[in-house]
Amino acid sequence: MSDLKDSGRRQFLSFAGHAGLASVAASAIGVNLGLVEIASGQSSGKRGVTPFSFAIITDSHLFSPENHRFDRSLIDAVNQVNALGRQPDFVVYTGDIAQNGREDQLVKGQKILSKLKMPVKYIPGEHDWYLDLGTVWKGLFGKETWSFDHKGVHFIGLNSILVKDFWTGTGMTPVQRMGVMEMLESPIAGPWGVGAEQLDFLRRDVAKLPPDTAVVIFTHSPLWDYYPRWNFQTSDAPQIRDILAKFDHVTALHGHVHQTVYNKIGNLSSAGSLSTSWPWPYPPVQLAYPGSQMNQSDPANTKDGMGTQSITVAADGDLLSYQPFADSLTPFLKNGINV
Amino acid sequence: MNNTHVKVTRIPAPVVALAASAAILGLAFLVSRPSWARPPFTDSQLADQQQQLLAEVDKGRDLWHGSKPSMSSTGLACGNCHPDAAASNPQTFPKYVTELDRVAPLRDMINWCIEHPQGGTQLDVNSEDMVALEAYAFYLNRGAKIEPGLAVPTGPYPVKSGVGFPKKPSGIGVDQ
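As you go down the protein sequences, you meet chains X and C in turn. Just so we're aligned: the first sequence equals residues 1 to 339 in the numbering used here. Just so we're aligned: the second sequence equals residues 340 to 515 in the numbering used here.
Think of the hints as simulated: they come from the structure by calculation, not from any bench. For every residue, glycine included, the Cβ atom is placed at its ideal position computed from N, Cα and C. You may find that some hints are simply not true.
[Unchecked claim] Computed footprint of chain X on chain C; a stretch qualifies when at least three of its residues, placed anywhere within it, have a C-beta under 8 Å from a C-beta of chain X: (1) 383-391; (2) 461-472.
[Claimed, not checked] DMTMM-like cross-link-like pairs, simulated, lysine to aspartate or glutamate; straight-line CA separation at most 20 Å: (3) K434(C) <-> D104(X); (4) K407(C) <-> D447(C); (5) K208(X) <-> E185(X); (6) K115(X) <-> D104(X); (7) K398(C) <-> E473(C); (8) K151(X) <-> D89(X); (9) K303(X) <-> E438(C); (10) K115(X) <-> D132(X); (11) K303(X) <-> E454(C).
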């Protein structure tokens, strides 16, 4: 049923109709209503999907000092996910564990995330990568490019923050290189993307999949030109969308933006995630779904505008439930959005 | 009484001319008071003044992005939550600020942020650093409608690509 490596995942139950939705809402606030659930081992619906959920934690941007507020925030996120009434089958971490790409920061993040009760898949963000070009990250978290199948859904993870070498010729130190990659609009490195190799991987990976396959793709940066000025973009997103164009529907989930946001382009739905470090403001762009903006964060509340997210996958679609630490969801977001 | 002569004093021409010019000049002064108040700035003076402003904005940009270590102990700089001075809304100050429980100018809000999310030491409100920070925030929001007390969130003003505030890399924001 799944080739996701796992050591002790709970047996998963399927849901039906309103009972299912209520349960999803309940798990969104971490409460188990104890509804009677119909056990089912069969797949349902035309996509051959057996309902389940997974969670996303992202962008912890850990600093080096001990007991930093971002450490505490990430611990809260782990506890929040562990306490979900409906336990996710796995967690995906969509990048930027470390703030400066330092080994101690990445190791600290891995230690905190190891307290999750379920398996975790990782993709890198630019803050993880450019101090040592992913050496420590790959050692801790494995491949940056992957795919697996789970209960009828095809999951793909890519490294979307790659740029051409700008550091060798200029003789930059690793710290300078990391600093350059933190700059808005990336004036020196240029816009980042997944690169030719990963596009080839993607092409081969989805070549044999039928069009009605449920596909979920994870990248650190959004797969649309949300706001290139703040690096809210992936330069080869059009090529990615091209390769995925054959599918009836693709769900693209990303980090990097530190905010709730939803958009749909063609067959690809795109949703951003809450960070556990700090909230970003919304850029000056007209959103197709302006209701997907959360309320402006209260600077006096150190937890506002941050949290985790849980996605329930079912035959008729995926429901994304944002789970902020403080109440900042708009009516549009409160009961989850179909992605 | 037909032959009464009224003595007409002929005013000499120069006097008439002088009186006329005085009248005209007086009228001119009344109409164009500013140029009468002080001489206008020359183009090069204006350029120099603008350069001084941009130098302050430049300093403010560095401070906004963490160039002064005493402004932060958490690693957060203004630029984390307020990239391109977004969501800082300088044009809505002075206004009642819940964090301070009073009507406050922008500089007080900046100091509050330095102390709280950033865990740093507040700046002297009359210091050049504070002027620089305000210069940056206002400059990046130039053209915004002034609305003291506006409580609804406004959008950040668009920064045209590459123009926002061009800056050579400085390594600011990376801890050594």
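### Query
Which of the numbered hints are not met once you compare them with the structure shown?
1, 2, 3, 5 and 10
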